[in-house]
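Enquirer: Construct the complete structure from the given sequences, taking the supplied hints into account.
Line by line, the protein sequences give chains L and E.
Each residue of the first sequence is one higher than the last, beginning at 1 in the numbering used here.
Each residue of the second sequence is one higher than the last, beginning at 314 in the numbering used here.
By construction, these hints were calculated from the structure, which means they are not laboratory data.
Some clues are possibly wrong.
[Unchecked claim] EDC-like cross-link-like pairs, simulated, lysine to aspartate or glutamate; straight-line CA separation at most 16 angstroms:
1) E:Lys530 with L:Asp120
2) L:Lys283 with E:Asp548
3) E:Lys316 with E:Asp437
4) E:Lys557 with L:Glu309
5) E:Lys547 with L:Asp235
6) L:Lys14 with L:Glu49
7) L:Lys188 with L:Glu221
8) E:Lys559 with L:Asp57
9) L:Lys310 with E:Glu551
10) L:Lys184 with E:Glu481
11) E:Lys542 with L:Asp120
12) L:Lys310 with E:Asp548
13) E:Lys511 with E:Asp395
14) E:Lys557 with L:Asp120
15) L:Lys214 with L:Glu309
16) E:Lys459 with E:Glu358
17) L:Lys199 with L:Glu309
18) L:Lys126 with E:Asp326
19) L:Lys33 with L:Asp57
20) L:Lys276 with L:Asp120
21) L:Lys276 with L:Glu291
22) E:Lys538 with L:Asp300
23) L:Lys126 with E:Glu481
24) L:Lys199 with L:Asp300
25) E:Lys538 with L:Glu221
26) E:Lys459 with L:Asp294
27) E:Lys542 with L:Asp274
28) L:Lys184 with L:Asp11
29) L:Lys214 with L:Glu307
30) E:Lys538 with L:Glu291
31) E:Lys547 with L:Asp156
32) L:Lys273 with L:Asp300
33) E:Lys542 with L:Asp294
34) L:Lys14 with L:Glu44
35) L:Lys250 with L:Asp193
36) E:Lys547 with L:Glu307
37) E:Lys547 with L:Asp294
38) L:Lys250 with E:Asp437
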Amino acid sequence: MTQILIVAEHDGTKLNPSTARCVTAARQVPDAKVTVAVLAAAPEAIAAEAASLAGVDAVLTVAHPANAQPLAAVLAPQIVALAADYSHVFGPSTSFGKDVMPRVAALLGVSQISDLMAVDGSHQFKRPIYAGNAIVTVVATAGQKVVATVRTASFDAAGPGGSAPVTAASPNVALPTHTRFVSKAEAKSDRPDLQTAAKVVSGGRALASAENFKLVFGLAEKMGAAVGASRAAVDAGYAPNELQVGQTGKIIAPQLYLAIGISGAIQHLTGIKDAKTIVAINKDAEAPIFEVADIGLVGDLFQVVPELEKLLG
Amino acid sequence: MRKIMVGVKRVVDYNVRVRVKPDNSGVVLDGVKMSVNPFDEIALEEALRIRERGEAGEIVAVCIGPDDAQQQLRTALAMGADRAILVKHDGLLEPITVARALKAVADRESPEIIILGKQAIDDDNSQATQMLAALLDRPQVTCASKVEIKGQTLVVTREVDAGLETLEVDLPAVISADLRLNEPRYVKLPDIMKAKKKPLDVIEFASLGLADPGQLKITHYEPPKARAKGIMVKDVAELLAALKTKGLVS
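Expert: The structure is reproduced here in structure tokens:
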């Protein structure tokens with residue numbers, strides 16, 4: 001049997017939806033037992049959420065004041081200690097997982113399989129390289145631990161219906177004090193979360209100012225959509241960094257992706273190509289975004305967007 | 314004065330649209346333009362700015378790669394690195410092997426700050442920084458967007474999914490550069506001439522005495538699935554009708 005340990009992502013109180021997507025990926029490994037590890041200051045409520053996911057066989061909790069913030073250097077040795085009983089260790093390919101999982105892999109003496117997008121077998125997986133311009137099949141050596149981050153856009157979230165037992169663990173490892181949390185600045189918003197939203201309205205360089213970018217926010221609000229942005233728009237200061245979609249930003253798979261004034265650089269397209277429907281509005285008919293769009297409209301966004309908002313009522 | 318080590322990777326230029334070979338054995342690299350990984354340029358730029366503030370002395374650029382990567386190290390020297398080290402290795406390198414090689418160099422050089430790019434735009438692995446920090450048993454701060462030195466600590470703001478996070482870490486530390494840390498300078502012709510005289514040491518990978526386990530094997534390359542051809546609509550009314558047909562708006 002394959003024993004898979006999933007490192008849960010959470011904010012201290014709630015489980016991040018990326019974890020349920022890791023569960024789906026893990027369940028695709030043949031004959032797997034799936035355990036979710038929750039490392040937190042107070043893991044109980046988060047663990048209960050994880051235990052209720054369909055496909056989770058067991059939940060481990062590690063309660064420690066040092067786990068109040070997700071510091072990779074603090075979490076990694078604890079995860080490595082837990083990993084002794086597992087053949088595979090998965091985490092989400094989010095800023096949390098990308099930070100901590102390679103540290104875990106290095107301590108285990110293996111390379112990580114980054115952005116796992118398909119499971120071919122217990123030691124064979126697919127992942128994208130070159131901003132998604134190529135997909136490679138990676139075979140891990142049998143008998144060595146498999147450490148992977150799961151590309152969350154490639155897997156649906158596991159649903160409810162589980163009732164896994166929750167067990168407390170206390171790995172006996174020294175925790176470093178060389179890394180200390182200072183603060184975080186999180187955008188507080190009532191809009192849907194960009195990574196899990198069913199609809200995303202996204203703006204690009206053509207918005208031309210932070211003031212104009214409010215058009216994107218307005219339309220998103222009307223549609224009940226999350227807001228995204230191209231790298232160009234973020235670099236220019238029209239939108240904050242956490243809204244960036246693409247190779248070096250967020251990889252998303254909404255039902256609807258509405259790209260406004262985004263030309264569609266390959267680095268951006270790699271972040272949206274799992275969207276079910278891509279709609280592009282751009283005044284340049286030659287923009288590469290139209291090559292991937294399911295519905296394209298050539299037009300001036302400053303006319304089209306207000307009109308669309310009006311017609312939506 | 315504190316030394317900064319910067320990682321430099323030779324990668325396919327970001328403007329090149331990489332294609333898979335017809336026999337699925339790899340990607341087409343013949344005659345393709347090669348460059349310094351853009352995130353590594355940002356890493357080096359940050360090192361240069363730290364030195365220009367008087368907070369660092371020597372800057373050493375390190376590359377693990379083929380002999381041709383000397384070109385990218387010369388670019389790093391032209392940008393302002395003082396010297397360069399190439400650990401020569403042909404063929405594919407796994408992240409853990411890169412991290413072990415970088416650790417071997419760090420053990421010799423004893424830098425107080427190591428800055429790498431947050432990911433290489435060829436294999437998109439995003440592992441070397443975290444692995445190097447783990448192997449050195451030192452702090453890591455990935456995806457840095459602001460770096461301040463305060464005595465024997467670094468205060469680093471990093472880009473995370475929810476926004477920004479600030480960490481304080483003791484030196485020595487390993488950090489990775491995100492897009493908005495800075496905008497790298499352009500190299501001027503006189504600097505290119507000067508760079509030719511700067512020291513560039515070549516070390517054989519084999520001489521480091523590291524295992525190259527080859528734990529992950531890439532067995533097949535394929536192009537991504539193409540999306541089905543879409544439709545063009547002529548105005549907003551048509552767009553709305555198409556969205557309604559798909560049930561995407563009510």
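Enquirer: Now tell me, hint by hint, if it's right for this structure.
Expert: Hint-by-hint comparison with the structure:
no.	hint	result
1	E:Lys530 with L:Asp120	holds, 14 angstroms
2	L:Lys283 with E:Asp548	holds, 12 angstroms
3	E:Lys316 with E:Asp437	violated, 28 angstroms
4	E:Lys557 with L:Glu309	holds, 14 angstroms
5	E:Lys547 with L:Asp235	violated, 31 angstroms
6	L:Lys14 with L:Glu49	holds, 8 angstroms
7	L:Lys188 with L:Glu221	holds, 15 angstroms
8	E:Lys559 with L:Asp57	violated, 37 angstroms
9	L:Lys310 with E:Glu551	holds, 14 angstroms
10	L:Lys184 with E:Glu481	holds, 12 angstroms
11	E:Lys542 with L:Asp120	violated, 28 angstroms
12	L:Lys310 with E:Asp548	holds, 14 angstroms
13	E:Lys511 with E:Asp395	holds, 7 angstroms
14	E:Lys557 with L:Asp120	violated, 37 angstroms
15	L:Lys214 with L:Glu309	holds, 13 angstroms
16	E:Lys459 with E:Glu358	holds, 12 angstroms
17	L:Lys199 with L:Glu309	holds, 15 angstroms
18	L:Lys126 with E:Asp326	violated, 24 angstroms
19	L:Lys33 with L:Asp57	holds, 6 angstroms
20	L:Lys276 with L:Asp120	violated, 23 angstroms
21	L:Lys276 with L:Glu291	holds, 15 angstroms
22	E:Lys538 with L:Asp300	violated, 31 angstroms
23	L:Lys126 with E:Glu481	violated, 36 angstroms
24	L:Lys199 with L:Asp300	violated, 22 angstroms
25	E:Lys538 with L:Glu221	violated, 32 angstroms
26	E:Lys459 with L:Asp294	violated, 39 angstroms
27	E:Lys542 with L:Asp274	holds, 15 angstroms
28	L:Lys184 with L:Asp11	holds, 12 angstroms
29	L:Lys214 with L:Glu307	holds, 15 angstroms
30	E:Lys538 with L:Glu291	holds, 13 angstroms
31	E:Lys547 with L:Asp156	violated, 34 angstroms
32	L:Lys273 with L:Asp300	violated, 24 angstroms
33	E:Lys542 with L:Asp294	holds, 7 angstroms
34	L:Lys14 with L:Glu44	holds, 10 angstroms
35	L:Lys250 with L:Asp193	holds, 11 angstroms
36	E:Lys547 with L:Glu307	holds, 14 angstroms
37	E:Lys547 with L:Asp294	holds, 14 angstroms
38	L:Lys250 with E:Asp437	holds, 13 angstroms
Consistency with the previously given hints fails for numbers 3, 5, 8, 11, 14, 18, 20, 22, 23, 24, 25, 26, 31, 32, ordered from lowest to highest.
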